[in-house]
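Chains as they are written, first to last, in the working numbering: chain A, 1 to 146; chain B, 1 to 248.
Hints are not guaranteed to be accurate.
Heads up, incomplete: computed chain B residues facing chain A, CB under 10 Å, no partners named [to be verified]: (1) ASP35; (2) ARG36; (3) THR137; (4) PHE144; (5) LEU145; (6) PRO146; (7) VAL152; (8) LEU156; (9) THR189; (10) HIS214; (11) THR236.
The hints are simulated quantities; they were obtained by calculation from the structure and are not laboratory data. Fair warning: this is a prediction, and the values are worked out from it, not measured in the lab. In this text, a Cβ means the ideal position worked out from N, Cα and C, and glycines have one as well.
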Amino acid sequence: MIKKAIVIGIIILFIVGYVVYEQRIKQQDAVMIPSVLTPTSAPATASSPVNGRYKDGTYNGPVTDAFYGNIQVAVVISGGKITDVQFLQFPNDTAHSVEVSNQSLPQLKQEAITAQSAQVDIVSGATQTSQAFMQSLQSALQQAKS
Amino acid sequence: MRQTQLIMGMPITVDLVHEKQSIFDEIFSFFRAVDRKFSPYKKGSEVSRINRNELLPNAYSKDMKTILSLAEQTKQQTNGYFDIWKNGVLDPSGLVKGWAVYRAAHILSKKRYEHFYINAGGDVQVSGCNEKGKQWTVGIQNPFLPGKIVKVLILLNKGVATSGTYIRGQHIYNPHNIDKHITDIVSITVVGPNIYEADRFATAAFAMGKNGIHFLERQKGLEGYMIDKKGIATYTSGFDSYVFTERN
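Full structure from sequences and hints, please.
Dropping the structure here:
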């Protein structure tokens, strides 16, 4: 159940993360959290267990260090199920005043990375999920159970 | 046909364009044997036995001797930035992964499999072409956004490996300064002639921090793409030749 919930959470993260990132690319300003993603309800606003193991409400995870900045997520439970995962904090260090130094980078080249969603056969990366995200989400879900 | 199994604490995927079940079994049992021998987490592994001083060097297995000598060679080639000994404890995981994928690819090649890839937790060896007869495409994961990529590579008979801190925390350290965390860069992707070369030099280059990409520029046959914590990529002069464009 928890595993399933986490998997669903990650899928939601991809969508939310994509929106956040797209917004960031468009706006190119220092505010990383678009207002649409800011949570609107206080933590644990309701507590009537329905079918699932989680009680309805909005639960904030702790702030966790994602190495390049802090991540904090809120999980929204409705009808005993996760219906949304929101970012309360997202690393905002990726902004902008990029200093491309003039000093000796003889043949090296530089560019700002972009988010692509092209179809590929394989993905090379350090791993699949973000530990910081998982920590924050798991802790939020723990609150939803108790 | 593609199969994935969890071995060595990571998903290992083997994709064979012309498949046979027995060959999948052989490859995955090879990885399991490597895990049994080299895992620092398994009490009965040879690595654990060495760390408990239960084995004299002349009793080491042939594979262990190979790994130890390859590690020593790599340490010299990387000015000491690659070291499988940390505070007197042996942990060859940084070398074993790339070596195991390389060996597995070799098993397939010897059996005349031409078209396949092996992906061990994001470290990849590609061979030949995909089902459509095109070269394999490999995305570089966006370190800030799970599920997104930053670049598409198109590769023929190459290895590609990425070292980074964004998932397992600080799993790579600078042997010259163990307590100093690597904080200025987020990931380095290396394309090499095979996964063994790509993996070991990705690990070493990452440990060098911002200097790693300069190190890669000086190595023949290796190209690198480094992403820093501000989302700026610095890449070697020949890297563009592997980047997928519409013209490919």
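Next on the checklist: Checking hints one by one. Is LEU156 (chain B) an interface residue toward chain A, by the C-beta closer than 10 Å rule?
Outcome noted: violated (13 Å)
Checklist entry - Can HIS214 (chain B) be said to touch chain A, with a Cβ gap under 10 Å? => result holds (7 Å)
Next on the checklist: Under 10 Å is the threshold here; is the Cβ of VAL152 (chain B) close enough to any Cβ of chain A for the hint to stand?
Outcome noted: holds (5 Å)
Next on the checklist: PHE144 (chain B) was flagged as interface toward chain A. Is the shortest Cβ-Cβ separation under 10 Å?
Outcome noted: holds (6 Å)
Item to check | Evaluation of the interface hint that places PRO146 (chain B) against chain A, nearest CB under 10 Å | outcome: Since the shortest Cβ distance to chain A is 6 Å, the answer is holds.
Item to check | Supplied contact hint for THR137 (chain B), tested at 10 Å Cβ to chain A | outcome: holds (4 Å)
Checklist entry - Minimum Cβ distance from THR189 (chain B) to chain A below 10 Å? => result holds (6 Å)
Checklist entry - Holds or violated: ARG36 (chain B) as interface residue toward chain A, Cβ cutoff 10 Å? => result violated (22 Å)
Checklist entry - Does ASP35 (chain B) pass the interface hint, meaning its C-beta sits closer than 10 Å to a C-beta of chain A? => result violated (17 Å)
Checklist entry - If you take the shortest Cβ to Cβ gap from THR236 (chain B) to chain A, is it below 10 Å? => result holds (6 Å)
Next on the checklist: Given a cut of 10 Å on the nearest C-beta pair, is the interface hint for LEU145 (chain B) held or broken against chain A?
Outcome noted: At about 5 Å, which falls below the 10 Å cut-off, the nearest Cβ of chain A leaves the hint on LEU145 (chain B) intact, so it holds.
Figure legend: structure checked against the earlier numbered hints; hints not met, in rising order: 1, 2, 8.
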